[in-house]
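Q: Chain E is already provided as a structure; the job is to place chain R on it using the hints.
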Amino acid sequence: MRLTAPYHPQNKHEGTILSPLRRIALADRWLWAVLLGVMGLGAYAYSRQWIFGMGVTGLNRPVYWGVYITNFVFFIGLAHSGTFISAILRLAGAEWRKPLTRAAEAITLFSLPFGVASILIDMGRPDRALNVIFYGRFQSPLLWDFTAVSLYLFSSVVFFYLSLLPDIALCRDRLTESPLWQRRTYELLALGWRGRPEQFHRLERVLDGMAIFMTMLVVTVHTVVSWVFGMTVQPGWHTALIGPFFLLGAIFSGTAAVVIVLAILRRVYHMEEVLTVSLFNSLRKLLIVFTLGWFYMIVAEHLTQFYGSLPEEMEVFWQKFTGEFALLFWLMFLTVFVLPLIIFVFLGKNRIGWMVTASVLVNVGMWLERYIVIVPTETRPRLISTLMEGMGNYQPTWVEGAITAALFAGLVLLYAVFTRLFPIVPIWETAEVVEAEAPPVQPRRRVFGAGRAR
Amino acid sequence: MPIGEWIASLFTSAGPGGVIVVTVIGSAATVYFLLTRWILRGGEQAEEEKYRFK
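So the protein lines, in turn, are chains E and R. Our numbering puts the first residue of the first sequence at 1, with every later residue one more than the last. Our numbering puts the first residue of the second sequence at 1001, with every later residue one more than the last.
Just so you know, the hints here were simulated from the structure itself, not pulled from any lab data. Since this is a predicted model, take the numbers as computed values, not measurements. Note that beta-carbon positions come from the ideal geometry of N, C-alpha and C, so glycine has one too. Treat the hints with care, since some could be wrong.
[To be verified] Taking CB as the label site, the calculated pair distances span:
{"no.": "1", "chain 1": "R", "residue 1": "T1030", "chain 2": "E", "residue 2": "R128", "range": "41 to 47 Å"}
{"no.": "2", "chain 1": "R", "residue 1": "I1025", "chain 2": "E", "residue 2": "L188", "range": "21 to 27 Å"}
{"no.": "3", "chain 1": "E", "residue 1": "V299", "chain 2": "R", "residue 2": "R1041", "range": "51 to 57 Å"}
[Unchecked claim] In silico DMTMM-like pairs for lysine to aspartate or glutamate, Cα to Cα no more than 25 Å straight-line:
{"no.": "4", "chain 1": "E", "residue 1": "K12", "chain 2": "E", "residue 2": "D145"}
{"no.": "5", "chain 1": "E", "residue 1": "K12", "chain 2": "E", "residue 2": "E315"}
{"no.": "6", "chain 1": "E", "residue 1": "K349", "chain 2": "E", "residue 2": "E272"}
{"no.": "7", "chain 1": "R", "residue 1": "K1050", "chain 2": "E", "residue 2": "D173"}
{"no.": "8", "chain 1": "E", "residue 1": "K12", "chain 2": "E", "residue 2": "E312"}
{"no.": "9", "chain 1": "R", "residue 1": "K1050", "chain 2": "E", "residue 2": "E272"}
[Unchecked claim] Where chain E lies over chain R, by a calculated footprint (3+ residues, C-beta under 8 Å):
{"no.": "10", "stretch": "1019-1031"}
{"no.": "11", "stretch": "1035-1045"}
This is chain R alone, in the form it adopts within the complex:
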């Protein structure tokens, strides 16, 4: 299918618009989870190393 028709079909077909909602919110949730974990792990390894050699 030519890309023009494909894009047009997005705007003329019924549903499933929910795919957009779920994709956008799901992607955001994943990114935010990973970022939060990355922040919390900051300096963790250095702290572990510090006490391992004491």
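Chain E on its own, in the form it takes in the complex:
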């Protein structure tokens, strides 16, 4: 069968977007080497845990979930950035999101495996993970979690891959000077994409449909993650508010992570004209809303606890406000709410440096928030009277620190390598010119009245 030449929508920024893919700089190799070194340290720490057992960590009875589960919730939270930016804003018809969709989706894709890994590391006996499938019970929130996170990971991969497909084909046809293995990879992953108008049309339809499904998943996944805590009757966890609180926190930290990543990409790959300041300003508005939403949630949760004044709840409550965890709690409050709000409102407009500062603070604070949610409750459980001398303490060890560093290094490494192999800004979605004889598709389907707004 004779085929027409593959068609690619014209984008004036194509050269800029593809330039990071044309060569791997020495600085990249050094960065990758350092990150691999950190991962090696984490692997060594994990080998100690594997050989000597969980005793090498600070985990003990009854503090079974510490830094590892904090990491799990944090990574799953980060993973919500891509779905929020790509799926939810897509449904809302927010056109400004287009240049940053892939950068956000990549955070989703690369965070999720480290979230799953955190669970396996915490298990101590990861070989027993498959017991969830063989012997799992329907009433177990762990089974719901396993199902929801697996489906979310799988769907995120597909959503990401489909939106990447036209650009992989473009790499196949444009980057002909790349090494053979790279060209073969593009050929293989492009699945014979030709850029026919009907292909673009169908792709848009599927992505729009999947955006609805992904939006549902994003709510489900983090709610189910919160239910792993909320379905127990432990003080501080057993509240209906925990689902929405986790979800808001996830989208908050994920969006802040997108700001950090975009600023780095903009600087390192000289994408000032593609990732414009106005994008950061749009994200800034969203982040102001999320900051206030987070404040509302934390007030609602703690005010309810305070007025209920159940003895076991208050034990945990005062631990956070004035007790052992007060320093971390107020540091969290400062870094998630006070400082970011001041920066976003008064300093962040048109200033990317300030936006990044605030976003880093938010993410540090959100990690602390997860720690504050998990550990104080475990050190002061409902059956506090059963604690014996020396129980109810938790001090993370270097093993947990090294493994945590390795997980974050792994995330950065995957991201850094990806940006050198695939376009981090969607070329076809941001294309401004379509050829008259072969129009691939309308720039965007009109969704929920977006067309009327123009």
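A: Chain R in isolation, oriented as in the chain E frame:
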């Protein structure tokens, strides 16, 4: 068995919870495979027709 008892048994019986996981992920895999194939075949027939009559 009354439907209430059947539903309750889902929540009180041991395993096999894996049925849920496998069903959900398996169904998703099938749907995604079919959708991807459908996208890639878009306009294929028209292109074939176009060159058949040339």
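Q: Each hint: holds or not?
A: Here is what the structure says about each hint:
no., hint, in the structure
1, R:T1030 / E:R128: 41 to 47 Å, "violated (29 Å)"
2, R:I1025 / E:L188: 21 to 27 Å, "holds (24 Å)"
3, E:V299 / R:R1041: 51 to 57 Å, "holds (54 Å)"
4, E:K12 / E:D145, "violated (44 Å)"
5, E:K12 / E:E315, "violated (61 Å)"
6, E:K349 / E:E272, "holds (16 Å)"
7, R:K1050 / E:D173, "holds (23 Å)"
8, E:K12 / E:E312, "violated (62 Å)"
9, R:K1050 / E:E272, "violated (43 Å)"
10, 1019-1031, "holds (count 7)"
11, 1035-1045, "holds (count 8)"
Checked against the numbered hints above, the structure breaks hints 1, 4, 5, 8, 9 and satisfies the rest.
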